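**Q** These protein sequence lines are chains A and B, in that order. Okay, so the first sequence: first residue is 1 according to my numbering, each after it adds one. Okay, so the second sequence: first residue is 1 according to my numbering, each after it adds one.
One thing to keep in mind: the hints can contain errors.
Quick list of in silico lysine-lysine cross-link-like pairs, DSS-like style, CA-CA up to 30 Å [what the hints assert, rightly or not]:
no.	chain 1	residue 1	chain 2	residue 2
1	A	K136	B	K365
2	A	K215	A	K264
3	B	K365	A	K365
To be clear, the hints were calculated from the coordinates, so they are not data collected in a lab. On a predicted model such as this, the values are computed, not experimentally measured, just so you know.
There are 2 protein chains.
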Amino acid sequence: MITIAPPVSSPEIRFHGGDVSTPAGFWMHGTAADLGDHGREDVMLLVSSQPAVFSGLFTTNAVRAASVVVTEAVHRRGISTAGIVNSQNANALTGPPGLADATAMQTLTAEALAVGPQTVAVASTGVIGVPLPMDKVSRGIGELAARYRQGQPADGMAGARAILTTDTGIKRLAATISLSTGQVEIGMVVKGSGMINPNLATMLAFFATDAVVAKPALDRMLRRAVDRSFHRVSVDGDQSTNDMVLIWANGAAGVAVSTAEDLKVFEAALTAIARHGARLIAADGEGASHLISVVVRGAASEADAALKARAVARSALVKAAVYGRDPNWGRVLAAAGAVGEGWDPDRASLSLNGWDLYVRGQPVKADETGWSQAMERPEVEWVLDLAAGGDSAEAWGCDLTEGYVHINAHYRT
Amino acid sequence: MITIAPPVSSPEIRFHGGDVSTPAGFWMHGTAADLGDHGREDVMLLVSSQPAVFSGLFTTNAVRAASVVVTEAVHRRGISTAGIVNSQNANALTGPPGLADATAMQTLTAEALAVGPQTVAVASTGVIGVPLPMDKVSRGIGELAARYRQGQPADGMAGARAILTTDTGIKRLAATISLSTGQVEIGMVVKGSGMINPNLATMLAFFATDAVVAKPALDRMLRRAVDRSFHRVSVDGDQSTNDMVLIWANGAAGVAVSTAEDLKVFEAALTAIARHGARLIAADGEGASHLISVVVRGAASEADAALKARAVARSALVKAAVYGRDPNWGRVLAAAGAVGEGWDPDRASLSLNGWDLYVRGQPVKADETGWSQAMERPEVEWVLDLAAGGDSAEAWGCDLTEGYVHINAHYRT
C-alpha cells in the first residue's frame with residue numbers, strides 16, 4: 001500500500017492517528033466470525049455510550065443492498081446508538097430473505113446491547129448474491145456485544161480490520177479540534193478498494209464525534225464534505241450496491257458546534273479527514289502502484305472542474321500511462337475534453353508533479369529523464385488549467401495494473 | 001483476433017467479403033510512408049471516379065483533431081471525391097500548425113488528383129501531440145495519387161491495413177443489395193481498437209456505396225445506423241479526439257434509393273454492416289480474449305436499454321470477470337443499476353450464453369461446469385430482462401486482460 005501523508009495540522013485542527021473509537025463515549029471492536037476464507041476479523045461493532053445524532057449518505061444504485069434500506073431508515077429518524085458491520089458478504093441481490101437478514105442483524109445487536117432496534121445502523125460489504133450465514137453473523141454479534149457489556153477495552157485496529165475486503169491495509173484518521181468553548185474529537189475508519197466511483201462506490205466510511213451537533217447541521221456538513229472527498233474518487237468507474245458514509249455525533253464532550261465560526265472549523269476538519277479517507281482509498285485501489293491526483297483549474301464552475309477531474313482520474317488510458325510512467329499528456333487533455341463544458345485546448349496548460357508538459361496550447365519539449373523521475377513518485381499529480389474561468393476542483397484515482405486485472409478476474413461471485 | 005461471423009444474408013441483402021473499393025467507381029490503396037515504426041502501410045487514399053454525396057459523424061470531444069475540423073466542413077458542403085487517411089500520428093493537440101498540416105493533406109491530395117480541395121476528406125489516427133512529418137505524408141500522397149492516375153488496380157487490403165493502429169487485423173464487410181430498380185453495393189472498412197467508447201471513440205469507419213442517395217436521406221440513415229452500432233461499443237470508456245464515420249455515395253450504379261421500401265432495405269443493410277464493424281472493433285479491443293455482447297430487454301425505452309447495456313459492456317469489473325471466466329451476475333446487475341431509469345432487481349432476470357443465472361429476483365443454483373464451459377466461447381452474451389417495459393437494445397465490449405494494461409502502459413506519447 002502506498003503511504004499517503006496526513007493533512008497538515010493548524011492551531012485549530014490537530015490531526016493524529018485514531019479512529020471512530022477515539023472520541024469520548026465510543027467503543028469499537030472486531031471479531032473473526034468465519035464469514036469468508038481469510039481468517040481475519042469480519043464483524044465490527046461500534047457502540048456509543050449515549051444516543052447520538054446520526055446522518056448518512058447512501059449509494060444511488062438501483063440495486064441497493066439490504067443494509068442500505070435498513071440504515072437509510074435510521075438516518076431518516078436521525079438517532080443511533082450502535083453500528084454493526086460485516087465484510088466478506090454484501091447481502092446484496094438477495095431479495096426479501098436478504099432484507100430479513102439485515103433486519104435480524106439490527107435486532108440481534110439491539111437486543112444484545114439493550115437499545116432500540118431502530119437506532120442500530122447496519123452495513124455489509126463483500127460478495128454479491130450469496131445469502132448471509134446468519135448463524136455465524138449472530139455468534140459474532142453476540143461475542144462483540146458481550147465484550148462491550150463486560151467492559152473490555154475498545155480495539156479500534158481490530159474494528160478497522162474487520163471492515164476490509166481486498167484492501168491491503170486499514171484506513172483511519174482522527175483530529176482534535178479547538179472550538180470557542182472547548183475541544184472535540186472526530187475519528188474515521190474507511191474501506192475501499194474496487195468498484196469505486198463517485199456517488200459512493202464500494203466504500204464504507206464511518207465517522208464519530210463527541211461534539212454536540214444538531215441533525216440539520218450534521219446532514220449539511222456531511223453532504224458537503226463527501227462532495228469534496230468520496231465523490232471525487234474513482235478506482236474503476238463501477239458504482240457499488242452497498243456504499244454508505246455514516247456519522248455519529250454523541251455529544252459526550254459537552255461542547256456544542258453552533259456558532260458560525262465553530263461550524264466552519266468543524267466542517268473544515270471533517271472535510272480534511274474525509275479527503276484523507278478518499279485519498280487512502282484511491283492509493284489502495286486494487287493493484288495500484290500510484291495514487292493519481294488531478295487538479296482542474298481555470299474552470300467555469302467547481303462542478304465542471306470536478307466533472308473533468310473525475311473523468312481524467314478514471315480514464316483507463318491515463319491510468320495505464322501512469323502505470324507505464326509515460327507522461328502521456330494527450331490522454332489527459334482528451335479525457336477532460338470528453339465531458340462537461342467546452343474549453344479551448346489552444347489556451348490550456350498541463351503539468352505533472354511540477355513539470356510543465358503543455359503550456360497555453362504548446363507542447364513542451366520533453367525532458368525524458370526529469371519527466372520519468374517525476375513519475376517514480378508514489379503520487380502523480382496532474383494540474384490542468386483550462387483558462388476558461390476561476391473555479392477549481394480535485395479528484396483522485398490510481399493506476400491500472402496487471403494486478404487489478406488479476407484480482408478482479410479471480411474474485412469469486 | 002477473435003473470429004466474428006458476418007450477419008446472415010437475406011433475399012434482399014447478401015453480405016460478402018469486400019471493402020470501400022468494392023462498389024462501382026471507387027478506388028482505394030495504401031502505402032508505407034514510414035510515419036511510425038511498424039513498417040506496414042500507413043497512408044490510405046480513397047478516390048471516387050465522380051463526385052459523391054458525402055456525410056459524416058464526428059467526435060464530440062472538446063479536444064478535436066485538425067482532421068475533424070477539416071472533414072466536418074466537407075460534410076457540411078456535402079460533396080466529396082476523395083479521402084486521405086494516415087495512421088501512426090493523430091495530428092491532435094498540435095495547435096494552428098496541426099490545422100495547417102491537415103489542410104495541406106487536403107490540398108496536396110486535391111492537386112494530385114485534379115479535384116477541388118474542398119471535396120477531399122481527411123482523417124488521422126495515432127499518437128497525440130506530435131507534429132505530422134509532412135515530408136513523408138506528402139510523398140505518400142504523391143505515390144498513391146500517381147498509382148491512381150496511372151490506372152493501377154485498387155488494393156482494398158492494403159488500404160484497410162493502412163488505417164490500423166494497435167488493431168491486430170483488418171476489419172471490412174460489403175453487401176450486395178437488391179432494390180426495386182436494380183442492385184447496389186455498400187462496402188466498409190473500420191479500425192479500433194483502444195480509446196473506444198460511445199460517441200465515436202478512437203474509431204475510423206468508412207463506407208462507400210454506388211447507389212444514388214440524396215444528402216438528407218444519407219445523413220439520416222448514417223445517424224441512425226451509427227446510433228445502433230458504433231455508439232454501442234466500448235473498449236475502455238475513453239473517447240477519442242479523432243473519431244469519424246464517413247460515407248460516400250457516388251451513384252455509379254445508376255440505381256436510386258428513394259422509395260420508402262428501398263430506403264428501408266438500404267438502411268437495414270447499412271445498419272447491419274455498421275453493427276458488424278462495431279462488433280469487430282469490440283472483439284479486437286486491446287488485449288481482448290472475449291467479445292462481450294449485452295442485450296437489455298424489458299426496458300422503459302430503447303434509450304434507457306442502450307444506456308444500461310453500454311454501462312454493463314464498459315464495466316471494468318464485468319470485463320475482468322469475463323476474462324476470469326467467472327459468471328459474476330452480481331456485477332452485471334450492479335452495473336445496470338448505476339445508470340438511467342429505476343427498475344426492480346426482484347423482478348429482473350439474467351442469462352449468459354443461454355444459461356439462466358438469475359430468474360425474477362432469484363439466483364439460480366450454480367452449474368459450475370456448464371457455466372464455465374459457456375464462458376469458454378469467444379463471444380459471451382449477457383441478456384438482462386429488467387421486467388420494466390417493452391424496449392430493448394444491445395451493446396458490445398471486450399474483456400479486460402493483462403494485455404490491455406501492457407499495451408497501454410507502454411504505447412508512447
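**Q** Does each hint fit the structure? Answer for all of them.
**A** Evaluation of the provided hints:
1. A:K136 - B:K365: holds (22 Å)
2. A:K215 - A:K264: holds (16 Å)
3. B:K365 - A:K365: violated (60 Å)
The structure is inconsistent with hint 3 alone, although it conforms to all the rest.
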